[in-house]
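**Student:** For reference, the chains in residue letters:
4 protein chains.
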Amino acid sequence: MIADRRFAEIKVGDKASQSKTISESDVYLFAGITGDFNPMHVNKDFSRKTVYKKRLVHGMLTGSMISTVLGTELPGGSTIYISQELNFRAPVFIGDTLTAEVEVLEKREEKKIIVLNTIIYNQNQKVVVTGKAVVKKD
Amino acid sequence: MIADRRFAEIKVGDKASQSKTISESDVYLFAGITGDFNPMHVNKDFSRKTVYKKRLVHGMLTGSMISTVLGTELPGGSTIYISQELNFRAPVFIGDTLTAEVEVLEKREEKKIIVLNTIIYNQNQKVVVTGKAVVKKD
Amino acid sequence: MIADRRFAEIKVGDKASQSKTISESDVYLFAGITGDFNPMHVNKDFSRKTVYKKRLVHGMLTGSMISTVLGTELPGGSTIYISQELNFRAPVFIGDTLTAEVEVLEKREEKKIIVLNTIIYNQNQKVVVTGKAVVKKD
Amino acid sequence: MIADRRFAEIKVGDKASQSKTISESDVYLFAGITGDFNPMHVNKDFSRKTVYKKRLVHGMLTGSMISTVLGTELPGGSTIYISQELNFRAPVFIGDTLTAEVEVLEKREEKKIIVLNTIIYNQNQKVVVTGKAVVKKD
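Sequence lines, in order, name chains A, B, C and D. Residues 1 to 138, numbered by this note's numbering, are exactly what the first sequence covers, in order. Residues 1 to 138, numbered by this note's numbering, are exactly what the second sequence covers, in order. Residues 1 to 138, numbered by this note's numbering, are exactly what the third sequence covers, in order. Residues 1 to 138, numbered by this note's numbering, are exactly what the fourth sequence covers, in order.
So here's chain A without its partners, still in its complex pose:
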């Protein structure tokens, strides 16, 4: 369901989230779309020799879950993305279950701008990404 909340209906403190287990096929398709075939993501043998031991999920794939929440829940359809800041805090592995959560921090009435805190954590409640989004919504 694509939510579609109007600027006027949104309040500071409103929250929304979405969860998904990241599969190997997600990582491989993401590599295929973007061309990011960094061996940390698609080479098991190479990964075994790194400090992580296992293949990592691309940071930008993880970060993209924020945009899903923004574009389908809060504010929802026809949100215009102005900016996103992403801080990668901890590694994400194939098979991790991620939850992306956004929370409205500020509304700028004149330009219908909304600033949101954005955070992603894994199945162990470990924070893997923090950041801020700025969007425009009529």
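To be clear, the hints were calculated from the coordinates, so they are not data collected in a lab. Since no wrong hints were added, every one of them can be taken at face value.
Where chains are identical, the list cannot tell them apart; a pair therefore holds if satisfied intra-copy or between any two copies.
Straight-line alpha carbon distances no greater than 30 angstroms define the calculated BS3-like cross-link-like pairs of lysine-lysine that follow:
#, residue 1, residue 2
1, Lys20, Lys132
2, Lys44, Lys136
3, Lys107, Lys49
4, Lys111, Lys49
5, Lys44, Lys126
6, Lys126, Lys11
7, Lys11, Lys112
8, Lys136, Lys111
9, Lys126, Lys15
10, Lys136, Lys107
11, Lys49, Lys126
These figures come from a predicted structure and were not determined experimentally.
Start from chain A and add chains B, C and D according to the hints.
**Tutor:** Leaving out everything else, chains B, C and D in the frame of chain A:
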């Protein structure tokens, strides 16, 4: 090829870039991975009635091209992503040819941190994304 | 957003729908998952010689949009699918924008069973699939 | 191979079947095509807390295997799908090996209609889907 440049070899001013035409299947697979089925991306009929007239490419798919350059060219394989800031400047449509370019702005010797300017432009040299990346590279 | 409505909250006459343009990549991935490489779906040359002139979308791919509405909107998450009846009424082509709509026809209190009318139409409001779904929802 | 049997060659009692192990990537791609991100299918963490303990395969993905047999074996290429009735009898999990089987029940000469019994069972011979298909074939 996956480049793999050592911290010591990298100089302020070094540049790298990568280009790709974004296909409809890229956008549909990205929607399928992330769950972002916002009608602006996957509904032709809806898009025709928007100011853009056509289906837009997800901003985070566009932005992910930066991570491809960082992870496969400069600095290359085993780069650790610390943060990414993305400013979405102009709409990207299915069929646009994007070039993501990164340029080394600063090196922080003690922690092997590299700061890069990151920019993406389309086939008409129109800038669609600007921002900054911070990475760590041995 | 995955809705999750309780049996008690759902009323006869409740409706939900979802829309999407079916891309060539959707049809090709569906063929790849199911193995249904019928030339009507994946052979342009063959299709040109049929009465339809163009490649058709698999009926079951079209029909699957109903299950998306049932499982993510009405009744939403953790719906148990009991049965689905699908009547294929008109051809669907690559590039068509489909809307799947479900409407609650009947509630059977004792077993928490819900019967829904299910319909899919294209961008020209032409009905392409009709049918009925039976689901169980706590 | 895509079989293509003429109406006249097909006899009541004719059977055909096809088998496949359903992978995690099948389920994820199906979610990606249809937008059905119900957590029962794509959230390991959530699924562990359900009565099933594991992620389920979408019912319509399972059911689609019937259409593959109809469209590629019996009757084969250029079959026109009139209707499909699906009864979901038992859960299907990622990694299950399914066999979809169709059997001709009835031929209606005047309109070249064929009615088939359709059944799907898993690697333990447990029936997971039953139903009936009606197709038209020259």
